[in-house]
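Heads up: the sequence lines are chains C and Y, in that order. If you count by the numbering used here, then the first sequence holds residues 4 to 373, one letter each, in order. If you count by the numbering used here, then the second sequence holds residues 3 to 247, one letter each, in order.
Please keep in mind that the hints were generated in silico from the structure rather than gathered at the bench. Computed from a predicted structure; not experimentally measured. Glycine included, every Cβ here is placed at the ideal spot set by N, Cα and C. Be a bit skeptical, because a hint or two may be false.
[Claimed, not checked] Each pair of labels, with its calculated beta carbon distance range: (1) P169/C - D130/Y: 26 to 32 Å; (2) I358/C - S107/Y: 49 to 55 Å; (3) S107/Y - G47/C: 23 to 29 Å; (4) L141/C - A201/Y: 56 to 62 Å; (5) S155/C - A233/Y: 41 to 47 Å; (6) G47/C - R183/Y: 27 to 33 Å; (7) D16/C - G138/Y: 51 to 57 Å; (8) T180/Y - D82/C: 16 to 22 Å; (9) D130/Y - A42/C: 26 to 32 Å.
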Amino acid sequence: MLNVPVLTANEDDPRVLAAGGAWNVANVEVLERVCARAAGADIGAIDLSRVTALDTVGAWLLERLARGGTTRAALTGADGAYGDLLDEVRGLNRSEPTDHGSVNPLLEKLDQLGRGSRRLVTDSAGFLHMLGAFSAALFGVVKHPRSFRLTSTVYQLGRVGWQAVPIMALITFLIGAIIAQQGIFHFRRFGAESYVVDMVGILVLREIGVLIVAIMVAGRSGSAYTAEIGAMKMREEIDALSTMGLDPIAVLILPRVLALVVALPVLAFIGSLAALYGGGLIAWLYGGMSPAIFIARLHEAVSVTHFEVGIIKAPFMALVIGLVAAMEGLSVKGSAESLGQQTTASVVKSIFLVIVLDGLFAVFFASIGM
Amino acid sequence: MTGSTAIHIRNLVVGFGNKTILNHLNLDVREGEILGLVGASGGGKSVLMRTLVGLLPRRGGQIDFANVRKGERSWGILFQQGALFSALTARQNVQFPLRENAHLSPRLLDEIADAKLEMVGLSRADGDKFPSELSGGMTKRVALARALALDPALLFLDEPTSGLDPIAAGEFDALIRTLHRTLRFTVFMVTHDLNSLQAICDRVAALADGRIVTVGPLSSVLESDHPWVKAYFHGARAQTLGFGT
């Protein structure tokens, strides 16, 4: 079957070509070379009587050759079985290809910049819209407490709270241990090892504990929310809910975001404890400070204020993570690629906003003297 | 048309867990014909098709393809939902098998993809659309163009007209008929559409109880005594279409 396709000129009349062999996609490389050589010449007719196989690719190449000259070349002698295919191909690709035109690279950059700036505005508007819709749904639930989806909320709480405890505790434990080890290593030069307790205590309770946990939650649960809601959007489940007279925000997003708002302070609390435990363990094993002294120093160094500063931030961070995840999930379009894009955007945006929020809180607490 | 067999199936057994779906199934698909496979929902039609194309493992039996060399994909498959790659445009979807299996120049690749899209009744502008922007009927057409990209000798169609309105379904049937005449492939078609069976199938095979209970031209299948076949073709819905009278 693998006959090499050929295209030869007739010895008597060079305007008549004879095609032979298998003109199919398996031989397309040879075919393109053969046709490129023949193209441009004035072809009167192509004799197909020695063609042993013909498919759409072969038929199209013959058709292109036939169209190439000033007058249309005749395709003669084709096996009857190929007649229909040649007739079909004869009518194809008649319209002129649309020219997309070249684009000025500078204009393109400006275009991208403009679109990017506009996206910043629409994103902010989208976030505010989601916040409004969430508040409205929350208000609806307060007005009619029976419409609250307790089962769903508890289920989500289990997923984003309870199941996240081991990994959060492990990560914050390690972070606390690393901070303590670095502190001891560097403070030792000044003979100020005992101040490592102050550093670990204040840093963990005020900033690191809640920040690490919030970033972990954004990566672990925020991405899952976006992917879930996005998949539901793709499969028209969200539309189905709306047509049943249910508010997708109240049914899907409220329980998820509320679960996050409840879970994140708890996780931040557990995380802070784990970090202090890690710090204390390193102070004992690496710095030679007995646990009793560590606890006594910690008691002097930190006050409830430090703990409050940290934990107050947690529910706000959870709200931001949950709303960004929901917003990105709802803006998923039909394709699998879009789902991936929105999930990435959800994680990146929520981590960014969590850090910005943390900065704003730092300014706020400093100005009220906490 | 030549009378030789394109697919030769003997004693095929397929099952999941302790459930046997296909039980010693025998079937010959003749070269160049359009064979319609009917069967109850969940009765194993799709399982049979997926086993033939190698998506499901078989427990026993033999499947022989004529004119298909080992490792060479000379079949095209139209999945029920189209299964278009959502990240690629319609044109890129059609080009995908060509790009992977043959070395075409970019110009020829575009020309062939446009030709295939035109063959299934779509315009050049439709080629730039993404699958999420296509209607159900257009999705099926693009999927058909992709299945035909390499001019396969064998075409598997999984419920090609499901989800289409009667006009679109009729047009799709006519399209398969026309392409079948020009490109001369063999069609193995799973369908529920009684109109399709009547309009385009050369032979009909009925699958019940894990085996083919009757196969032949529609007229002979209609005379079968098998209770399921009788219920299928002589039921109320079939009656309104003029079957079994």
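How the hints compare with the structure:
{"no.": "1", "hint": "P169/C - D130/Y: 26 to 32 Å", "verdict": "violated (49 Å)"}
{"no.": "2", "hint": "I358/C - S107/Y: 49 to 55 Å", "verdict": "holds (50 Å)"}
{"no.": "3", "hint": "S107/Y - G47/C: 23 to 29 Å", "verdict": "holds (26 Å)"}
{"no.": "4", "hint": "L141/C - A201/Y: 56 to 62 Å", "verdict": "holds (57 Å)"}
{"no.": "5", "hint": "S155/C - A233/Y: 41 to 47 Å", "verdict": "holds (43 Å)"}
{"no.": "6", "hint": "G47/C - R183/Y: 27 to 33 Å", "verdict": "holds (30 Å)"}
{"no.": "7", "hint": "D16/C - G138/Y: 51 to 57 Å", "verdict": "holds (53 Å)"}
{"no.": "8", "hint": "T180/Y - D82/C: 16 to 22 Å", "verdict": "holds (19 Å)"}
{"no.": "9", "hint": "D130/Y - A42/C: 26 to 32 Å", "verdict": "holds (27 Å)"}
Consistency note: the structure conflicts with earlier hint 1 alone.
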